[in-house]
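Number of protein chains: 2
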Amino acid sequence: MSAPDVAALEAIVGAGNVLQGDLYGLRNPGYTRENLAAGLLVRPGNTAEVSALLRYLYRAGIPIVPHGGLTGLVLGAVSKPGDVIVNLERMNRIERVDPVDRVLVAEAGVTLETAQRASEEHHLMVPVDIAARGSATLGGNVATNAGGQRVMRYGMTRDMILGLEVVLPDGEVLCMMSGLVKNNAGYDLKQLFIGSEGTLGIVTRVVMRLHEAPARVATALAACQSFEQIPPLLRHASQHLGGKLTSFEMLDPKYYATTARLSFIAAPIAPAHGSYAILEASGAESDDVDADLEATLATALDEGLILDAVTAKSEAERQAIWTIRENSEPIERLTPACWSYDISLPLSRFAEYLAVVQSTLASIDPEPDFYYFGHVADGNLHLMVGSQASDEDMHRRIEEIVYTPLKTLGGSASAEHGIGLERRHLLNVCRSEGEIALMRRVKSILDPKGLMNAGKVLG
Amino acid sequence: MSAPDVAALEAIVGAGNVLQGDLYGLRNPGYTRENLAAGLLVRPGNTAEVSALLRYLYRAGIPIVPHGGLTGLVLGAVSKPGDVIVNLERMNRIERVDPVDRVLVAEAGVTLETAQRASEEHHLMVPVDIAARGSATLGGNVATNAGGQRVMRYGMTRDMILGLEVVLPDGEVLCMMSGLVKNNAGYDLKQLFIGSEGTLGIVTRVVMRLHEAPARVATALAACQSFEQIPPLLRHASQHLGGKLTSFEMLDPKYYATTARLSFIAAPIAPAHGSYAILEASGAESDDVDADLEATLATALDEGLILDAVTAKSEAERQAIWTIRENSEPIERLTPACWSYDISLPLSRFAEYLAVVQSTLASIDPEPDFYYFGHVADGNLHLMVGSQASDEDMHRRIEEIVYTPLKTLGGSASAEHGIGLERRHLLNVCRSEGEIALMRRVKSILDPKGLMNAGKVLG
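Residue numbers (the working numbering), protein chains in the order written: chain A, 1 to 459; chain B, 1 to 459.
Hints may be right or wrong, so weigh each one.
Unchecked claim - Label-pair distances were calculated between CB atoms; the ranges are:
#  : chain 1 : residue 1 : chain 2 : residue 2 : range
1  : B       : Ile364    : A       : Glu10     : 56 to 66 Å
2  : B       : Lys449    : A       : Glu89     : 42 to 52 Å
3  : A       : Ala351    : B       : Glu95     : 14 to 24 Å
4  : A       : Asp302    : B       : Glu95     : 27 to 37 Å
5  : A       : Glu89     : B       : Gln319    : 51 to 61 Å
6  : A       : Ala295    : B       : Glu121    : 22 to 32 Å
7  : A       : Glu10     : B       : His395    : 55 to 65 Å
8  : B       : Ile445    : A       : Glu367    : 43 to 53 Å
9  : A       : Arg396    : B       : Ser432    : 44 to 54 Å
10 : B       : Leu301    : A       : Glu317    : 37 to 47 Å
11 : B       : Asn428    : A       : Arg117    : 35 to 45 Å
12 : B       : Asp302    : A       : Ile94     : 25 to 35 Å
As the list claims (entries may be wrong) - To give an idea of the chain B side of the interface with chain A (calculated C-beta under 8 Å), a few residues:
#  : residue
13 : Gly147
14 : Gly186
15 : Pro214
16 : Leu241
17 : Gly243
18 : Glu285
19 : Ala295
20 : Ser348
21 : Ile419
22 : Ser432
23 : Arg441
Calculated from the structure, these hints are not laboratory results. Keep in mind the model is a prediction, meaning the values are calculated, not measured. Just so it is clear, CB atoms sit at the ideal spot from N, CA and C, and this is done for glycine as well.
Please work from the sequences and hints to get the whole structure.
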């Protein structure tokens, strides 16, 4: 970076907020000193500074990489020498939580967890929740349209965003902060930026819709004879619990047994069945969600949908069930290599998909370890494949096995995690040529020089 | 229209589907023989025909006006001599209702009511519901991002659309029919077309997310001392009923008394209070929604939020309550002129807004009749102003009174109904200059010749 460029950026954000050298160390998985190399890292303190920064960088033709909490899983934040990273960690102010309008207005650098806590003070809830809540920022959640465990009831981040402020690549501040649930006045432009992974502009402020925090939660683990019972069990639970069913997660027996063992948790049901489901019901003070959930499971047992079930009798038991679902990370260390995938499919095609993937994986010698689990109510499966061979050839073979069936089954190679840099070659699995061409045209009107998070999503 | 043009269009859709002359008569309110004048009306039978039509018309430079059920309220479907109307009434096939994936796949000319009935056969529900359901089409619902009575629980049409097929102005078929809840692979382009009022392309097919049909519904009417109690009553009901609260509507006392009288319904509560609310709770088979709703109202009474309440004891009583809410149309005939508005605001600003509007209307001589009611949980108010003077000057004065406060209070001049032709001058009330400029750029890449529903929304 030239000295005049550095001086110009320092004039905008202050000398202490223009950093050079080893920017992050190695604290974020997936990121390395190499792939976070950059000319500079700048930390603007407000929207006006972001605007001035982008105006300068865009005129100078310097590539820009926006950074939230660096918790993305598809290398959407990697940078190269010569790039300028715009890190929003200083823009971490919650402007207000309004208990009448039930909205949270905040700067984009606020972490999801901070937003959740501020909402809880008013007995309100940010419905989006992901494991990385402590570091992930609201701006990053918007940029990646984050999902999580409660999507089936409350939707993706897209469904919670009532307003956005975005600084466009050329520095223009686009204010769409109305915060209205209904505003059918012209095109809903904020939708363009949600899930665009920082390639169309930098989200600087958000208006998030809040929901009433549930007063009661009941959690159960159920065992089924096979995956075949999972879709009718979901339907059964949806019909019996209505809007009180807030989570429905599936675990294959191998995943269930393995994460329980690696988490030092005694499996609440013997790991001898064909499929497992976690059901969570949430309700208001007057709802007896425990009784409702138990009644739902009792009829499911009568109808042969499940073979066994346990309900959590304490918060510790509830946490144990969720730990079995969420603690996937130790699995990665069981084999020399382990690759994770995040696909989605119509639920009606899951069984077909799993059969194909399982049988083709079984043809590899030595047979890889295959785990599958996830948000089946949203048609979202997380897959993990552990292999004794860690070479690039094995990686490619497994990837092909996981992704190839998606095209004919109408699936997506990225349900929640986005495309970033890592999955660009998969965009055409889940998008038509016409769609990709139109994405490029949209990109071209907002970022004609191609400087904004260059190379991500569209390549 | 030239003879070769007519012949070319007849070759695409068949001679019987190219109509000239008096196209609709006067059956649709707001539309007249004059504002539905057109060179031709064509009725394509499938997507390939829509594509071929648009390809021809676009090359020939002939303006195109798409027509759904003509139930829009902002003159979004008006046409001029020389335009070609593309009417989708023949594309009325439901392709499938999938009870596992809980989606409906249909052509855009299917009416909302037909889609609702097909879903009900599987105990599923199309959550969007509007009074015009019998004529309004799914394509029109998408084009206008229709709202209705259940938005507070299920969202707008946008929140139910999992897939779209759109024919772009130049005839290209853009297939975005994945139907996946989660597909974070690139920009979510279908969002662009939802709510674009036919100005960016013609929606030809949709994938709609269905929800479980509630097994039980309970409805109540409550009276409050004044509007001041409405926001805390909403919060109270949301906290007590959670996801079971599916409708919360407000009626001002004058509207309540007048529609009851004009509907020949004995007001269930004397029309002597300051504000009225309709609460509806829906639940699963196991939910005692009647008891839940009554308990909610009992505590609201204890806390002074309401003064009186009645719950519907039969479907007839329930219908009576909803008729009082919905039967606004006879009010239009009470005065020589009556104008209707559809605005939205943060709920916290409603009282301030209503006070300003009421006091300025009171300064007009003779004082106009003012009614307000609507979906307060979504921040959406419908206003009606009846006047003894029906001239354009009075129309303008009243419009100014209704719309002017919105800008400072952060409201929208069109919550549900769209912009169409009628409200183009109001776009800048609820959108920034930057937003409007970007809308024009989006329009320019999809419709560079400006032929698609020309003049609507952006002018």
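We went through each hint and held it up to the structure:
As the Cβ distance of isoleucine 364/B to glutamate 10/A is approximately 59 Å, the hint placing it in 56 to 66 Å holds. Remark: the range hint 42 to 52 Å for lysine 449/B to glutamate 89/A is upheld by a beta-carbon distance near 46 Å. Checked against the hint of 14 to 24 Å, the C-beta distance between alanine 351/A and glutamate 95/B comes to roughly 22 Å, which is consistent with it. One distance hint, 27 to 37 Å for the beta-carbon pair aspartate 302/A and glutamate 95/B, holds here, with the actual separation near 35 Å.
For glutamate 89/A paired with glutamine 319/B, a C-beta distance near 56 Å keeps the hint of 51 to 61 Å intact. The supplied range of 22 to 32 Å is met by alanine 295/A and glutamate 121/B, whose beta-carbon atoms lie about 26 Å from each other. In this structure, glutamate 10/A and histidine 395/B meet the distance hint of 55 to 65 Å, their C-beta atoms being roughly 57 Å apart. Checked against the hint of 43 to 53 Å, the pair isoleucine 445/B and glutamate 367/A passes, with Cβ atoms roughly 49 Å apart.
Between arginine 396/A and serine 432/B the beta carbon distance is about 47 Å. The supplied range of 44 to 54 Å therefore holds. With their beta carbons about 39 Å apart, leucine 301/B and glutamate 317/A fall inside the hinted range of 37 to 47 Å. The given range of 35 to 45 Å is respected by asparagine 428/B and arginine 117/A, whose C-beta atoms sit roughly 38 Å from each other. Taking the beta carbon of each, aspartate 302/B and isoleucine 94/A are about 34 Å apart, inside 25 to 35 Å as hinted.
The restraint placing glycine 147/B at the interface with chain A holds, with a minimum CB-CB distance near 6 Å, inside the 8 Å limit. Checking glycine 186/B against chain A by beta carbon gives a least distance of about 5 Å; that is within 8 Å, so the hint holds. Checking proline 214/B against chain A by beta carbon gives a least distance of about 6 Å; that is within 8 Å, so the hint holds. The interface hint given for leucine 241/B is met, as the beta carbon of that residue sits about 6 Å from the closest beta carbon of chain A, less than 8 Å.
The interface hint given for glycine 243/B is met, as the beta carbon of that residue sits about 3 Å from the closest beta carbon of chain A, less than 8 Å. This hint holds: glutamate 285/B has a C-beta 7 Å from the nearest C-beta of chain A, less than the 8 Å allowed. Among the interface hints, the one on alanine 295/B holds; its C-beta lies about 6 Å from the nearest C-beta in chain A, closer than the 8 Å criterion. Below 8 Å, beta-carbon pairs count as interface contacts, and serine 348/B has one with chain A at about 4 Å; its hint therefore holds.
Annotation: isoleucine 419/B was flagged as interfacial toward chain A, and the flag holds, the nearest CB pair being 6 Å apart, inside 8 Å. Of the supplied interface hints, the one on serine 432/B holds, with its beta-carbon coming within about 5 Å of a beta-carbon of chain A, less than 8 Å. At its closest, the beta carbon of arginine 441/B sits 5 Å from a beta carbon of chain A; the interface hint therefore holds under the 8 Å criterion.
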